[in-house]
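As you go down the protein sequences, you meet chains A and B in turn.
The working numbering puts the first sequence at residues 1 to 268.
The working numbering puts the second sequence at residues 1001 to 1292.
Worth flagging that the hints you see were computed from the coordinates, not collected in a lab.
Note that the Cβ used here is the ideal one computed from N, Cα and C, for glycine as well.
Any given hint could turn out to be false.
[Unchecked claim] Residues from chain A that keep clear of chain B, each with C-beta distances beyond 12 Å, as calculated:
#1 Ile4
#2 Lys8
#3 Tyr22
#4 Glu117
#5 Met137
#6 Ser171
#7 Thr219
#8 Ser229
#9 Thr249
[Stated by the list, open to error] Straight-line C-alpha distance at most 27 Å; calculated DSSO-like pairs for lysine-lysine:
#10 B:Lys1072 / B:Lys1278
#11 B:Lys1141 / A:Lys43
#12 A:Lys11 / B:Lys1106
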Amino acid sequence: MKKIRKEKRKKGISIAFCMAVYLFLFLPIFVVVANSFNATTSKPYLSWKGFTFDWYVKLWSNSSLLESFANTMIIALTSTLLSTIIGTLGAVGIYRYKFKGKGVINGLLYIPVVIPEIVIGIALLTIFSNTGVPRGMLTLILSHVSFCVPYVIFNVRARLSGYDSSIEEASMDLGANRVVTFFEITLPVLAPGIAGGALLAFTLSIDDVIISYFVNGQTKTYPLKVMESIKSGVSPDVNALSTLILLGTIGLVILTQSGILSGKHNKV
Amino acid sequence: MDGKRSKHEFRSNTLPAVVTVGPVSLLLLFLVVAPLVFVAVMSFCGTDEYYNVVYSFTAENYGKLLSVDYLKIYARSLLISFITTVLCVLIGYPFAYIIARTKSKKRQLLYMLVIIPFWTNSLIRIYGWRSFLGNSGWLVKALQFLHIIQEPVDFLYKTGTTVLGMVYCFVPFMVLPLYTAIEKLDGSLLEASSDLGAKPVRTLFEVILPLTSGGIFSGCIMVFIPCLGYFFVSNILGGGNTDMIGNLIERQFKSANNWPLGAALSIILILLTLLLVKLYQRLGGDMESLGV
């Protein structure tokens, strides 16, 4: 009897603890969502002046905000595509072939992962500025590709470690050449790892603040637009856009949940 | 036949290897190695009176790094990162343990709930904390309503506020590797321990913690190191009172315009990172668990 009660109390404490952590994680998101409905019009938009949908309408006439969001999407999609291609090829090549400097490449892949982002950001800034590469969309995409590729490689590599390459030999014995074998055999087997890597690359890219902050030139991404507005107070239409993005992502993930996320979980 | 085949293989393996490994090698060379080498070179350069970089050798920047003001900031950075890491373990471990030990179907959902906050821009979430904690913020309003406090209190711009923001940013990075480690833990070992008469506390310290220490180490690396460079958290929540190494570097590149000094600061951060990663490997940490 006593033991059951003790078990129950223990379970109650764990549930309460978990709820507290989730509350901690979601509290600022509630604030962001609530502020998107705040009827206040005076800076810094903090005091609550009643409920309104106005900001969701005004959002569509804030062209610099919309432009920054469009930039973020272009950069995220392009750098996801590029880093997925480069990363997948790289992972397969590193796994399959023997060559000089393989250990070096494996070691270098960890640099963007462990070195603080600010160092990567200023390093890219100095090299771009000294080689005369104009800072903007191009440098943003190059930088995002450089920090996304390792994550794609790690995801694909995790998939490769359980991969039986004899099916490729079978394919080639049956007359398919390397390219056909790669597209017909290798890629489908690796698909979940590639998809996981691409999703991670996309997530890292759309939320990147620190590296973009140094290499952007005049181009504003959505996170940088938020950063710029923080000094004067973030206007509720920025909150409205954030709320819409959150809803959009949740919708997207519910749609793809069964396909991508049920098999293997990914960091971030 | 054999000789011919191996020759054929040799020839045909070079091209695929170049095609597959070539792009990533070029990327690492031009966008990782070259920039970092350049930073190292720049850290030994000086500036003219207009803060243009002058390419002549000097160790002056490293001398400046030893000033008392800077030493204070390093100490504060290490302290904030350390407290953040400890709090992340204390919050993240039991939390990861509970969700990793939940029955299957609900576990997926609980795990997703840790990831969902990442889909809202991190800056705006930190700003959400600022509007929650500020002197006209919701927390003050709530406390006044409950008559716990009378006058508004400003919770912002203190070391504790910056630590809160850092813990907020990094708790998920602690939870995810811990979750992976704890999920792998074999439940029958815990039963065996208790069947053999060990109290829960003893099982925790002699079975659970040793078996999941890999997750703790990789979580600590993924929290402590980036925390040193998250300048925007101390900008937004610390308001200049809680500057860290990241803030110093940011200022050299964005406002003070002393790039060589910023480069020298970055080199310090790189060396510190390498030292901690070496320590991590020495403790038996696996590099692969840092990536995915």
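Each hint tested on the structure:
Non-interface status of A:Ile4 relative to chain B is upheld: no Cβ of that chain comes within 12 Å, the nearest being about 16 Å off. With a closest Cβ-Cβ approach of about 15 Å to chain B, A:Lys8 is found to remain outside the 12 Å limit, as its non-interface label requires. Distance check on A:Tyr22: its Cβ comes as close as 6 Å (rounded) to a Cβ of chain B, failing to clear the 12 Å threshold; non-interface status is violated. The Cβ of A:Glu117 does not lie farther than 12 Å from every Cβ of chain B; its closest approach is about 6 Å, which violates its non-interface assignment.
Non-interface status of A:Met137 relative to chain B is upheld: no Cβ of that chain comes within 12 Å, the nearest being about 16 Å off. With a minimum CB-CB distance of about 14 Å to chain B, A:Ser171 clears the 12 Å threshold, and the non-interface call stands. Remark: the non-interface label on A:Thr219 is consistent with the geometry, its nearest Cβ contact in chain B lying 16 Å away (cut-off 12 Å). A beta-carbon of chain B comes within 12 Å of the beta-carbon of A:Ser229; the shortest separation is about 9 Å.
With a least CB separation of 4 Å from chain B, A:Thr249 falls inside the 12 Å interface cut-off, contrary to its annotation. For a cut-off of 27 Å, the pair hint linking B:Lys1072 to B:Lys1278 stands: about 25 Å separates their Cα positions. At roughly 19 Å between alpha-carbon atoms, B:Lys1141 and A:Lys43 fall within 27 Å of each other, so this suggested pair holds. A distance of roughly 15 Å separates the Cα atoms of A:Lys11 and B:Lys1106; the hinted pair therefore holds under the 27 Å criterion.
Going through the hint list in order, the structure does not satisfy hints 3, 4, 8 and 9.
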